[in-house]
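Chains as they are written, first to last, in numbering that gives the first Met the number 0: chain A, 0 to 522; chain B, 0 to 448.
Treat the hints as calculated values from the structure; they're not laboratory data. We put the CB at the ideal spot given by N, CA and C, even for glycine.
Some, not all, of what chain B presents toward chain A, calculated at C-beta under 7 Å:
no., residue
1, L23
2, V78
3, R83
4, G178
5, V325
The calculated PhoX-like cross-link candidates involving lysine-lysine, where the alpha carbons are at most 25 Å apart (straight line), are:
no., chain 1, residue 1, chain 2, residue 2
6, A, K4, B, K277
7, A, K4, B, K180
8, B, K277, A, K169
9, A, K169, B, K180
10, B, K206, A, K204
11, A, K499, B, K180
12, A, K234, A, K204
Stretch by stretch, here's where chain B covers chain A in the computed footprint (C-beta under 8 Å, at least three residues):
no., region
13, 9-18
14, 32-42
15, 45-58
16, 465-473
17, 484-494
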Amino acid sequence: MAEPKIKYDRQLRIWGEQGQAALEKASICLLNCGPTGSETLKNLVLGGVGSITVVDGSKVEVGDLGNNFMVDESSIGESKAKCVCSFLQELNDAVKAKFIEEYPQALIETNPSFFSQFTLVVATQLVEDSMIKLDRICREANVKLIFARSYGLTGLVRISVKEHMIIESKPDHFLDDLRLNNPWPELKRFAEGIDLTTADPVAHKHIPYVVILVKMANEWADSHNGRLPSTREEKKEFKELLKSRMIALDEDNYREAVEASFKVFAPQGISQELKQIIDDSAAELHHNSSDFWVMVAALKEFIANEGAGEAPLEGSIPDMTSSTEHYVNLQKIYQAKAEADFLVMEQRVRNHLKKIGRETKMISKQTIRSFCRNARKLKVCRYRLVEDEFNSPVLSELQKYLADEEYIVAVGFYILLRAVDRFAANYNSFPGEFDGEMDEDISRLKTAAVSLLSDLGCNGQTLTEDLISEMCRFGAAELHAVAAFIGGVASQEVIKLITKQFVPMSGTFIFNGIDQKSQLLSL
Amino acid sequence: MAGSTLQASRSRDLDKLLLRPGNLVEPNFEPGPELRDDLREYARVLVVGAGGLGCELLKDLALSGFKNLDVIDMDRIEVTNLNRQFLFRLEDVGKPKAEVAAKRVMERVSGVNIVPHFCRIEDKELDFYSDFNIIVLGLDSIEARSYINAVACSFLEYDSDDNPREETMKPMVDGGTEGFKGHARVIKPGVTPCFECTIWLFPPQVKFPLCTLAETPRTAAHCIEYAHLIKWDEVHSGKSFDPDDPGHMQWVYSEAVKRAELFGIPGVTYSLTQGVVKNIIPAIASTNAIISAACALETLKIATGCSKTLSNYLTYNGVEGLHIKVTEFVRDKDCLVCGPGVLIELDISVTLEKFINMLEEHPRLLLSKASVMHRGKNLYMQAPPVLEEMTRSNLDQLLFDLMGKVPRDVIHVTGMSRKDDKKVSSLMKLRVAFKGVDGVVDMDMAGGA
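Here chain A stands alone, though its shape is the one from the complex:
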């Protein structure tokens, strides 16, 4: 193995060569390189992103030495962007690192087209006004954007992307695709070829549970007018029936069959979530439709036709007690069906591409195969414009959070993070930034928070004095541990967005550093 491959071994086991290739192609722009931004990039540079551009107009001050690992004594008075950039470069020479000594707000105001060269922008420590402007710019240029902010013992992370589609969502727990209650002819035939009543104890205890359940479900249906167990009583009876067919106490295959019997009772057809995706208006194709939606359109037809209500078969089976021969044969049957489904899907994809006037080979076999294998797990994430959320958050959710013990601190911080920006716009400093004015700042911040709540439609609502006072105590401090947390979360979301694997968070993540009860708010 080559050295870079060894170096990345522990992450290749998570997102594979394809995920890594996507990272290595990505160009990331960081706005403001305080600890929050620096820590975000550190995690991405270690993972091997293609290039980074650090944008910050400030010079390193003594105070920065206390919260940012990427600057040291020799940096004082130098460009912060330059110092951070050179430290980051030290971490991984495969990454192209450059810096621009300029204030992000100025770039946003004067040079919006600057951002269109990047795959993704990480915007840290921006105030509301700049967030809104940058969001519009990136949305228009189709550049992924993620906001991160640390503020005392709180902070936020918010993704802003118009649409993010995921084929490989890689969920932790997902019901496997065995079709036990709806076997196709080849699987049925295979099951029929195996005798459950064999007197040979070794053979009996090596019949895979898939075969046991297909046959027993069939037997049950034959004696129940074609119906499968559905009531609790019937399900219990079915399990008893399974147990009654054991001929020895050590038959792991029957134990597994009883444990997996719920797969027989599972509903047929596709999930509600997948139905929503195939019914999405984006699945009505036009010339510029993305590959994902072209495949979704094909999937929709497949489900309605060849699939008879089901998505293409996934094609893999879990490990189970079995003789090697039965297991390998079973694997082949599942793979053959998955391959047949894939071929149908491929034809449908090619037809669609032709119809919308695109090169029919534009989407590779490999991509279509992966799409088929993951068809049941597709995900589509859409994010509101920050401006829309700020002007009209989902009121019912907001009110729910304000009334919920588990959310009250997080939603309080959400409001206060916005209120401090209003405060700063009025008074040119953040509440509690300077020592002498604490009491005055507390009451001013309270006024700002109450008026913000009323603007959002929560008249008469307020936040606890304790939380408001804490926010003033924070005085816009950027604490290293909080910045490292926020930067860690932001970098993980960047990785998910770029590799197009796993599912990025939705809504706004609010860090609660007081008791660690952080929350996602869907507003």
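Chain A is already provided as a structure; the job is to place chain B on it using the hints.
Same frame as chain A, now just chain B:
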């Protein structure tokens, strides 16, 4: 302006938290410059592990106002560490992690003093651990967590009403990650559950039955484990398998391929072979950063009271969206490790040697090869040889005499115990009571601890 002096300070941001009064803080919080200075001067924190979490923890703590840090790790730097252990460079491969990590952080954060310990955690005496105010764990093994937990809990003393004495409590902060998931927890022995109280959170690893490997392999992993666990011993009689020897790994891989071909099983790769044989846990920078940051923040809170403490277990999962959950687990009152200690009733005629033999047969302990310590004094040590020789003469003496003729007291024993069919080094706290001395009666002891 009042702020101008603050602006010039290195602790500009941290001062906001440590110098100003707060509303949502712990009762012991006393804000002011003294707090900041005491934190620097007196707080001593031990970081256990200088890997993915340890590197982050050292940085985070050094930038959170701590000045006196120690780090202990027995490993050397490998190439596969470099995707996340950001204190290490390619040219550091082969060097001790603890030493390089300490040096790098000290180079960048002036004034911080980090003492590295390149050794096994079991190599240190109890006294070493008792010197720290807080122990922070960045480990990837259950055994190591268990050991440190037992060490920290061993310092805990109970009063006569079986209430823990706060001044003997050694808090721990523990982090762990796997891929996109992780946990951070605060352990205050005697108050919140210790690692053993909630050991069920870490189920033992499932092993394949040998008969599956030998007779009915079905997956690539079965073929690999066959080559690793069965075929290796058949062919290399007496030579033990070394997972770090590429020649050995290559051999297991090619045998696994042969077996897979024989049975028509797909999927054996070199990478999978390494993963299965070495039980590799995937690891990335971002999760380590998140978990370490949470741990460092809790460490700061424990040391200063500057905000509420996590109560007491946080889980993080970034696989599908982002889920953070805080669970308040409760102590196991009968915990062998953080409870008042197993009670052992003895006749005053019991010699130290006889006592050591009793530990091996005690149904709740099953501790073999025990070394015995009392109030910081070694009564008998199995190793190293020089200590063994020095303490050997105690074996014939009465334990009652060795313990200063007190009717009852706590002693510490270390040795090997069995856990899930594995021998592990263990440290246990025992309450020894001598029958018939100073009003101790059998009845009192019947329940045990």
